[in-house]
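*Asks:* Read off the chains here:
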Amino acid sequence: MDIRYSAEEIAFRDELRDWLSEVLPTLGDPPASDDWTARREWDTGWQRMLYDAGYAGINWPSEFGGRGSTPTEHLIFLEETTRMGAPYVGMNFVGQLHAGPTLILEATPEQRARHLPAMLKGEEVWCQGFSEPNAGSDLASLSTRAIRDGDHYVVTGQKIWTSFGHVADYCELLVRTDQEAPKHRGITWLICPMDLPGIEVRPITTVAGSSEFCEVFFDEVRIPVENRVGDENDGWRVAMVTFSFERGTAFISELLGTMNHLSEMADIARSISRNGSTAWDDDEIRREIGRLQAEYDALWALTKRVVSQAQRTGMPGPGGSVFKLYYADVKKRMADLAHRMLEREALVFGDEAGDEQTGGDMVASRLYVLSLSIAAGTSEIQRNIIGERILGLPKER
Amino acid sequence: MDFELSDDQVALCDGIWDLCQGRFDIDTVRGLADCGGVDRRLWGELADTGVFSLLVPEDQGGVGLGWAEAGLVFEQLGRALVPGPLVGTVLAAGVVDDAVVGLIERPIGPALVEYPDVIDALLVLDEDGVWRVDAADLSVEAAHSVDPLTPVGRVAVLPQGKQVAETHGWANRAVFLSSALQVGVATGARELAVAYAQERQQFGKPIGQFQAVKHKCADMYSREEVARAALYYAGCVMDSSEQGDISRAVSGARILAAEAADHNGKDCVQVHGGMGFTWEIDAHLYLKRAWALTPCFGSLDEHAERIANMVGADRLGLGASLG
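Sequence lines, in order, name chains A and B. Note that the numbering used here has the first sequence beginning at 1, numbered continuously upward. Note that the numbering used here has the second sequence beginning at 1001, numbered continuously upward.
Don't take every hint at face value.
What the hints assert, rightly or not - If you anchor each label on the Cβ, the simulated ranges turn out as follows:
#1 B/Ala1195 with A/Ala32: 34 to 42 angstroms
#2 B/His1144 with A/Asp2: 40 to 48 angstroms
#3 B/Gln1270 with A/Asp231: 41 to 49 angstroms
#4 A/Arg185 with B/Gly1031: 35 to 43 angstroms
#5 B/Lys1205 with A/Arg185: 51 to 59 angstroms
Just so you know, the hints here were simulated from the structure itself, not pulled from any lab data. In this text, a Cβ means the ideal position worked out from N, Cα and C, and glycines have one as well.
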């Protein structure tokens, strides 16, 4: 049990810091959140810079163009980029953390050669076509149908919660290829180019008023059979291979950003007037800040345990589900605390993100956190996973 | 970085857990309520195993392990509900020669002293030092303890005693070890609840098949794992203080461990239904131990305050881990 970074890990960190302090000042201001063309340029431009500097695909094996870093180096990468304010993975998320790793494990040499280098260079943006209106937590019941017609699958159906669907080049798509088989055994994983005829993408407006994700409609879309990854009807297994990766590292940057935000909240509490003193002099507010910090420190320690397990075994430990479940609740409490501090100022969004004094950031955050216990497996599904796979309690069905 | 247990640490945990199961099965533990919480023969076995000399350097006859390992050992003792003044006796090793040693923060008024009938000496911590009071010099009035395995007595006036150590660091060490016991208590309560949920049948099914019960068990496990991470982090920081702030790490571990033990104790009672409210079922023993361990060396609110006062001081709130 050693939480210290090794000499090699520190050397990796120092080199990364040097590079970041050199390039970050050249980036300019990030684009407005609703300017999707500019956002794509920003996210893919950053990916290209990572590629040129040798940091793209940090955790991908080197034979597939990645850096082949250890899980701990990956953690350090996320820690340092967040600490120094580098761009987030953004719309490269699915390609870098899900579709890419899936192709590495399951795709043909031709498919890998076609897509992996492009993902690493920021030349391809990917989205995920898994969930459907009637297949959410029960994902395996998905019904988007693919019928074989010569060298093509003809796909008809609807996907939902597809982040960046309106700017993506490719979609990792789960379709039903066997109507008769048990639900987990009739699914196939396809690479779907998003510019094929018959695809319609409609952005969904969230409770926060933004449109991060989309519905995607497929009307007899012809996808070449050579775009299939893995065997026909083996797509459920192909998709599950990388799900644990998603839970293992997806929230590291966000946790670190949240800890930074809590420090800002403490500063704001010290500056907000309240009953002749400041919000900081309210015992309940001050103690809740202390408790939240204790919980974030613990979640950061838990992250290091999960990463250490991944380093030893090659797979993230079950702590990923624990992390996601616990983090969603803590972050909701933090958003509620911000609103106790802001009082009537909590009625208005700020002029722009980061306008903490008027609480613009915090008002948007209180809405955003509602998604944390839903996206990437609801908290109820995480509890089933913990109860059944870790504690060995009997399955409901 | 390798923030997982080493092979030696796993062996240490297994060894202590085997000892607990062999010598401190739950019937034996319950029986200790009749002898003030400590049986000298069993206590001697803990001493012979090295439990009390864990932190004493090898050249002084101890085991020479670090705080991280001490935390692991105490976690297993808590999981088995081993009673007795474990924290005081470990911290007293190498300081005083007594075999069974209590530890208390000097109160302004009367004191509630734990295990009054079995301690040889009481170490009293105050701003000026750590003081040894001979048990024979304590005038103890009986009190009815909420935890049958943590007997307490009232002492109207604590004698000043003889100084045996400087104060610095003692409170953090006591809170750390006590938090380790609580992580173990949280684990034991969760294990008992899960075992019952697997075996108890209602509506023709094991109750653990129902999400209402399954999800409660999952929450118990989550609390325990997050508290364990905080505890292990605190142990690493105590062993090498450049890894973070000791007070912040220890206060964090205390808050999370105390709440995990309390909530898991209550959930363990709830999962057992009516039987959980009986003396016969062990659920209450975990909850009561959770409660008995919390009020020492600062309330949870005080620990939260201590952390709050460090928030904002460093931008990312990550302490020295960012170098």
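*Asks:* Return the numbers of the hints above that this structure violates; sort them in rising order.
*Replies:* The structure breaks hints 1, 4, 5; every other hint is satisfied.
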